[in-house]
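One line per chain: the protein sequences are P and D, in this order.
Residue 110 in our numbering sits at position 110 of the first sequence; the count goes up by one each step and never skips.
Residue 1403 in our numbering sits at position 403 of the second sequence; the count goes up by one each step and never skips.
Keep in mind that the hints were calculated from the coordinates and are not lab data.
Where a beta carbon is used, it is the ideal one built from N, C-alpha and C, also for glycine.
Take these hints with a grain of salt, some might be off.
Claimed, not checked - Computed from the model, here is a short list of chain D residues facing chain P with C-beta under 8 Å:
#, residue
1, Phe-1063
2, Gly-1261
3, Glu-1268
4, Ala-1319
5, Ala-1320
6, Arg-1321
7, Glu-1374
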Amino acid sequence: MRLFPTYAAAIAALMLTAGCSQRPGLKDSALTEDGRYRVTWWKTPPNPIKANSYFELFVEVEDLKTDKDPSDFRFNATMPSHRHGMNTVASPWRFKRDAWILRDLNLHMPGEWVMTFDVTDHNGVLHRASETVILE
Amino acid sequence: MKHGLLALAACVAGHTHAVAGDAAARLEQSAVSASPLPPPPPNPTNRVADDPAAARLGHTLFFDPLLSANGKFSCTTCHDPARCFTDGKPVAEGLKIGTINTPTVLGAAHQRWLFHDGRADTLWSQALHPLEDDAEMGSARTDVIRYLAGNPDLATDYTAVFGSLPDLSDTDRFPRGARPGTPQWAGMSADDQKQVTKAFVNLGKAIEAYERLLEPGESPFDRWVTSIRRGQRDDTLMSEAALRGFTLFTGEVGCGRCHFGPMISDLEFHDLALPPREPSATPLPGRAAGYDILRGSEFRADGPWSDAPTSTRARRAAAARIGPEHWGSVRTPSLRNVARTAPYMHSGQFETLGDVLAFYNTLDLQVRRHHHAEAVLQPLNLTTEQLADLEAFLRSLSGKPSPQSLSQPPQSNGTAAPQSPE
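Between the sequences and the hints, there should be enough to build the whole structure, so can you do that?
Okay, here's the thing in C-alpha cells:
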C-alpha cells in the first residue's frame, strides 16, 4: 500500500505527459446535476471499458463557480436494471487538490451501467454527476 | 418497374445477407472470447504455486486420507478424479453431511474466489478449510504437521520445498487436536502457534501447486473455436444442436450475461433466488456470509501468510464490496465440464441439466427472500427443442479427462505415475 502514492503519481504524470486529453475516446466529462462542477475522467486500459476487466480512472474535478477545493470525492457504479452495484469498493486516492486516481474498478457484467461521481463541497453538500456506459 | 423490383429484391437480399453476416461475426466473436482457456493466472501469494516439487507434495497430500481426523477422508473423498473432481452427491459428505454441493477442482486455479460463497480468495487458503472443518476432515493443524513429520517420504518432500518441519515432539507445548478455537490452541504460546500455522499454510500452498495442474481439458467447443481462429470454421466439430444452442446462449436468451469469458463464468456472485434443496432447509446467506468469513480469516491474499500481501491480486481481493444485494448470492460456476458435475446448483437442488434449464425457463421455482435481491433473470420461455439445443451446447463443453498421472495417487517414491495414453 505504501507504494500507491508513487504508483499513482507515476500514472498521473504519464497520462498528463502523454496528452491524454488530445486522444479521442480516452476522455469523458459530465457536469454535476446543479452545474457546479465539471468532472473529467480518463480511462486507462482497457479502453473502452470491458465487462469484468479491471480498469482505472483518473479524475479531475473543476469547480465552475468558486475557487474552493472540494472536500471529498466518491465513485460508484450500478446496474439499475439488475438492481446491483459493483463487487469492488472504489477507493479514490487524491493526488492533487482537484484530482483523484481510482484503481481496481470492475464492472463485472455486460449491459448498462450508471457511473456516479459524487463531489462533496467545502460545506459538506454533495453534488452528483453521472454517466451511462453500455458494456458489450 | 420490373428492374426496380429486381433492384429492391437484390437490395433486400444484400441486406439480409449482411445481417446474417453480422450475426455470424458476433457469434464468432463470442466464441473466440470464450476459448481457449489460457493457463491459470499467476498467484504471487503462493511462491511455490508453480514449483513441480511442491506440486508433487500437494499431489500426495490430496490423496492422503490420513490427514483427516479418522483417517478415512482425503480431498478425493469429495473431489473424486473419476467424477470430474466432484462427488456426484447433492451436498458434500465428510465427517458430517454438509449443506453445500462440491464444486469441481478442475480449473479452480482460474477462479477469483473459492467456495460458492467466496470465503477464500486463493486456492491455497481454500485447501486449508476442509482439513480443520468438523463436517469435512475434522483434523487439527498440530496433528497434521505431526503426521507429516512422522512420514519419512512426506517429511523429505516437505523439507525439499519449504525447509525443516517444526519439531512438535513436545506434546505439552504442541498438544494433540490443537487448532484455533480449541483450548489446546489457546494454551500454546504465540510463537509456537506461528510455527505450526506456517507449516500448515505450506501444505495448502503445496496442494494449490498440484491443483493448478488440474485443467478442464480441450472440449469439442474449444476445437470448433480453434477452427474459427484459424480462419477455417468447421461446424462439423460440434453437433448442429450444439451450434444452435450456442447461438441461443450468447444471444437474446442472455445466459452470456453471467456466463462469459474463458471459464464461461464472470467468476462473481449472483442471487438466482433458488429454492432450498429441502423445503425445511435454512436459506444460505451465500456471499454475505462468505465475505465475513474471508475478512475474518488470517489466510487472506493480503494477510500475514500470503507471500505477496501487497500484490495486485491481493489488493483486488481486499477491495471486495458487500452490499444488501449479496445476501443469498453465490459464485457463478464455470460451465466447463458442466455435463459431468451433476447434481447442480450450490445445494445440489437439481439433478440434471434439463432440470436446471427448466428452472431458468420459467423461474416458477424461485423463492424471493428479500427485497434487495438483484433482478438479473427473466424467464427464458424457450421451446422444448430450444432447451434441448442449449443442453447440447452445454454438453459440448466437456473436456478431455485429466491425465491419468494426475488422477491417481502418485507412486510411493513421491513421483507421479507414468502418464498413460488417453
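We went through each hint and held it up to the structure:
no. : hint     : in the structure
1   : Phe-1063 : violated, 35 Å
2   : Gly-1261 : holds, 6 Å
3   : Glu-1268 : holds, 5 Å
4   : Ala-1319 : holds, 5 Å
5   : Ala-1320 : holds, 6 Å
6   : Arg-1321 : holds, 4 Å
7   : Glu-1374 : holds, 4 Å
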